[in-house]
Every structure is written in structure tokens, then in C-alpha cells.
Amino acid sequence: MRHTIRQVFRSSNFLIGFIVFVLLFATVIIYPLIVTYPPLEIISQGTFFPPGIYVNVYDSIGSTPYILNLDDASAKRIAGKLKNTDRQAMKDWLVAYGISEDEIDISDSAGLLRLWEVNYDPSTRLAGMTYAKHMYYQRLNTSLQGILSSEGVIVAAPNAETGALEETGTVKQSDYVNVNEVPNVRVLALGTDNFGRDVLTELVRAAAVSIEIGLIAGTLATLIGLSLGLLAGYVGGLVDDIIMFFTNLLTVIPTIVLLILISYSIGQERRGAFTIALVIGFTSWFWTTRAVRAQVISLRNRDHVNLSKLSGHSIVHIIVADILPYVASYVVMAFILQISAGILTEASLSIIGLGPRTTTDPTLGLMMNWALIYQAPILGKWWAYIPVVLVIALITFSMNLMNTGLDQVFNPALRE
Amino acid sequence: LKGYRRYFLNKLAWFAVTFVCAFLLNFILPRLMPGDPVAGIVARMAQGATNATGVQAIYRQYTELFHTNEPMIQQFFIYVKNVFRGDFGFSFSQYPRTVADVIKSSIWWTICLQFPAIIVGWLIGNTLGALAAYIRKGFDKVLMPVSILVSNFPAFGMAVILLSIFGVTLKWFPASGGYGFDMIPNPSWKFVWSVIVHYQLPFWSIVLITIGGQAIGMRSMAIYELNEDYVKYSRFMGIKDRKIIGYVFRNAMLPQITGLALSIGTMVSGALVAEIIFSYPGLGSTILSAVTGQDYPLISGATLIITLMVLVAMFVVDILYGFIDPRIKATQLD
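Sequence order for the protein chains is A and B.
Going from the first sequence to my numbering is simple: count from 1 and add 30.
Going from the second sequence to my numbering is simple: count from 1 and add 7.
Worth flagging that the hints you see were computed from the coordinates, not collected in a lab.
A hint or two may mislead.
[What the hints assert, rightly or not] Within a straight-line C-alpha distance of at most 20 Å, the following computed SDA-like cross-link-like pairs (lysine to any residue) qualify:
no. : chain 1 : residue 1 : chain 2 : residue 2
1   : B       : Lys178    : A       : Ile408
2   : B       : Lys148    : A       : Gln438
3   : B       : Lys18     : A       : Phe276
4   : B       : Lys178    : A       : Phe276
5   : B       : Lys148    : A       : Asn433
6   : B       : Lys88     : B       : Pro152
Work out the full structure, taking the sequences as your base and the hints as a guide.
This is the structure we're talking about:
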């Protein structure tokens, strides 16, 4: 036994898969200890905030300013407000207005802005321009106001009694705050999702729940598969016929059809993560049964089994002591595959809309489902679904690597 | 052909039994659902209606229409009778369309998308796997990890990634639908072109997924065969390498064909989810809308059709297998 385990860990495939899985597992356990926000708390007003560090504006005005004289600050400021597409749009407007194209140089911010200021009038609507485009130029014009000024801005607060604005401070263009001194900073490493929830926190919790579903489904499927396979293979006869009838039936009927029908029948209210795991487990045992049965049949008439029979051991004893050790390696491999299949199945089921109904725990499939329903791919909000796909792929990849490693150890023909 | 006939009949009988069981499950499972589906539609239809008797009349009419007021056994016989006439009843969520009508408009999209994709993926995958087994070295070193990675990728993951790279970021192909949203299906070149363009992303996402798994399977089968005694024996006999490889791949191919028959169900389920991601107007999207609309006649009809599709495909593969593998005939003759 110890020798086998040592050999397994010497396989590089297994080791890599194992390490990846352990790291994922550790993240899933440790992260909630450090970041204790509830995973499904709605924090943002509005949907799909891009990933980044969110610094409270109010607090940063209140923090002590540091003056840094950086040369490229104003250039960056202009570039930030005046994107290349905006520059092109301004040029288009000016050309349509009647300025000759040679006069306009979109790389020269000051020149472009001067031309714009002189010529643009929000009330003139050019012929052939859609209303949306017209409004876009009005918004652009507003955002450009004061872009070239080198003055700071005055911060004012309304007086509680008179309601008049009173100056409370000024913010110069060279003022900086140290993010560490701002009391309210929230890092949203993966932004927020369609409901305005922190994707990273949600993702970690979802991975935990999905792994749980995979483990429950895998354990159940392996247990059922193993016991039926042992029974069918060793006992044979009518028992074998009956078990094999159902096994063949389930192999041929597409599993997705069964899953859809069963989870639809369970009904929305009772479809929790645990129930879905059970359903997946109950519909995926037959591959294990088939393989175990085939192996048991080839073992059934070996000498050591016959000897055991002659010594008067009970069937249970023979199965556990003389047959199980020979199929154990296969069963471990099947178990690993069942876990990853369980995670994938949950995801597919959730995408169809038949996943767990929960308000407390996300799953990887549900996150996919939400992202798809809210059109995240079309809107280009990659942070809502790419990390989910990657986590799923990473889990299944690590599992399959472990499986390949085990396969190479137990089937020497496959080794390099 | 005597041996074959027995093999075919055997297979046919087996698939018939399976279909009957699937049919029973199809009928029973959705009807175990708690809650009254008719009440659901009536609530939707009668939104804003203040007349209680009117609502009740609507409810009664729908109950009779869908036979939900009769005992289960009666419902079953009505169902069997209707299904054999190709009548799956009315769709709850898309009333007054019939289920048959909804399925008819989506099934061809599914068939034309999935089966070509699975076959192309299977062919490419097997060729690559065989090459990897034969060449080994560099090709194998690159192909294997890539195939493992790709085959581990969930089908929907591949679909989503292709969608976001080629559909949304690069805008090479349209990201959703089966044809341009501004078009009505008609036999013009413009429409055909639009269908072809929309076909690409779903098609290749299914092909890519299929390739990975098949390549891995074929590679290990071919390696196994290459170490067989008959290969060594043929080498000693001085038979040309090319010819030996022909034998080897023919033998390695056989389990792959059985494997194809067994995995069609899984592949179809992956492809259904891919359809949903691309909003492809096939059965996958139909099931999604049926699930959201609590539409059990449609779910049951769609799943029945999918089962039938998969069973027929498996049957065809099994029959082909019988022709390709002469041992089948031999065992049946005994």
C-alpha cells in the first residue's frame, strides 16, 4: 500500500494535478477566513463594475493631500478624458461642419480643443445626424469643459442653516492621496456581477459549493456503481441480468434527458445544492458498474478466490478481501472522474436553468447561468464569466491529470 | 448475411426496449412536479383581469385542453395515442403553438449543427491521436497536453471563450442566433450566407471539444495495439511498416467506433448547452425557454425527441460497426 502511494506520487502528472487541486482547495478554505464578506451581498448600485481598486472619493478629498510635481500628469489627465475614439468623433463632426481635413490634427490636443471650442455649438444639429449621435456630442462637449485648465477645483458644502454653499477646501491638480490613508478602499479584483456582487468572493464560495456537489455526487455514484458492479459480477445469474438491464438502459438513454426531467420534476423550491448533487450521483453510476462488473467477472474464477470459497468464507468476506483490492485502483480513478463529471454536470444543468435554487450559496454553474442571462459575453463583461470557466477548467484539469497519472502507474503499457 | 441479420434484430430489439423505458420516464417524471402548470398559464393570461368567473372559465378550458383533470392512467393513454400521431399537445408557454410545431422549427437546426460537428470532430480527433501514437516525440509532446486541456474544458466553456474572442472582441463572426436578426427565413443567397456565418462558432466549439477526447482515446488505443504481438510478428516477417500501420489503426479504430456510439449522448448534451450560449435556435434553446416557461408538454416533447435522435444515431453507429468488425458476424453465427 505504502509502496503504491509512493509510486503514485512519483508520477509527475498525478503530482501536478494533485498540487493544483490542493491549492484550489486551500484557497477555497482559507479565503473566506480572511475576507469575511458574505458571498452574495449586493454591494454595487448598478451592474458589472469593472475589476479594480475602488477608492472612496469623499474620503480622498478629506485626506491630507501630498503634492507631487509630475510632468506627465496633465497629459495623462487629458488622455484619460479624451480618448482616441472621441478625438476621431470630434474630427468627424468638424469635417461635417465644414472645416477642411488638413487643418485638423487629432494628435494635437490643444489645437483640436481650440478648434472644437470655436466651432461647436450644442444647438446646431448637423443634417443627417441621428439623435443619439447628436446627444453623444453634447455629452462629449460637457465632459471637455475645463479640460485644459490648470487651476484646481473648490470643494464646497451647503451651510446647514442658510443652504448657501461655503468653501471648505480646494483640490489642486498636483494633489495626491496615499491610498493607504483613505479609510474606505475596496478591492474588487474581479469587479461586480449583474446583481452588483463582488465576483471574486462569490467565485470562491461558488467553487467551494461546486466541489462539494462534485464530492457528494462522485461518492454516491462510486458507491452505487461499485456495489452494483460487485454484486452483478460476483453473484451473476438473475441479479446480474437485472442490474445489467438497468445499467445498459441508463448508458443508452442520454443522461442530460434524465437530469432535465428529474430536476424539473423536483420543482423549484426543493432544488437545493444538495438535492442536485444527489440527482447527479443517482444518474451517473452506471459507467462504474459496467467496468467493475467486467473486472470482477475476470477475477471470479481466479485460484485465490476459489481457495477462499473452499475455505468457507462468506460472500461478503470474499468480495471485500479477495476481490475489492484488485478493483480498488480502478475505483479510485473512477471516483476522481466522477467528481469532475459531477461539477461539469451541475454547471450544464444550471445553464439550462435547472440548477440549484439558492439565495445563500452560489455555484459555478449558477454564476455561468447569471452571466449568460444578463448577456455578459455580448456586453464584453469578461470578468463575470471567464474566471468561472477557468476555475471549472482548472478543477477538471487537475482531476484528469491525477487520473492520467494513476492510469500510467497502474497500466504500465501506457507509460512512456 | 445471416449473422448480420441476427445482430441487427438484436440491436433493434434492444433499442426498442430502451425507447419504451425512456418514453415512460418521459411521461411520468414531469407529471410528478408539484404545483399546477395550468394555474401558471392562467395566471399569466389573466393578468389584470378582474372578473373571477372569467378567470375560472379560462382555467377550466385549459384544464380540458391539456387533460390535466383526468387520472394519470387516462392521461397516459391519451398521450400515447397522441404521440403516435405526432401530436404532443399544445405548448404551455407559447400557446397557441403546438409542441410539434415548436420542435419542428428547431430540430433541424440542432441536427444540422450537432451531427456534422460531432463527425468532423471525431474524424480529426482520431487522425491526430493516431499520428501522435505513431510519431510520438515532438508532435505527441505538443498534442497530448493540448488535447488533455481541451477535452477537460467544459463544452460550454469552449463555447463561451470562442464567443468572447471571435464573436465579441474580434467581431469576425456574429455572436448569437442562427441567422441575422433582421432577416426572415427565405431561400435567398443572402439568407444562406447569414446562416453559414452564424454556423461557424457553434460548429467549431463542438468540433474542438470532440477532438480532444477522441485524440486521447485513439492515442492510447493505438499505442496499445502497437505493442501487440502481431505487430512484432509482422515486423519479423518483414512486412512493410506502412502496411502494419494500416492493420494497427484498423484495430485501434474499432473501440473508438463503439466509444462514439456510447458517447453520442454526452456529446449531444454538451452541444445543447453550447446552443444555449450562442442562442442558436435549436432544441437546446427550446428546452431553456420551456424550463423558464414551466412548459411541461414542451420539455417532455423535446426530451423525447432528443432521446429518439440519440438512440437512432447510436443504432446507426452500431450497425456500421457490425459491418466494419467481422468478428461481430462470427460471434453471432455461433
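Could you check the structure against the hints above and give me the numbers of any it violates, in ascending order? 4 and 6
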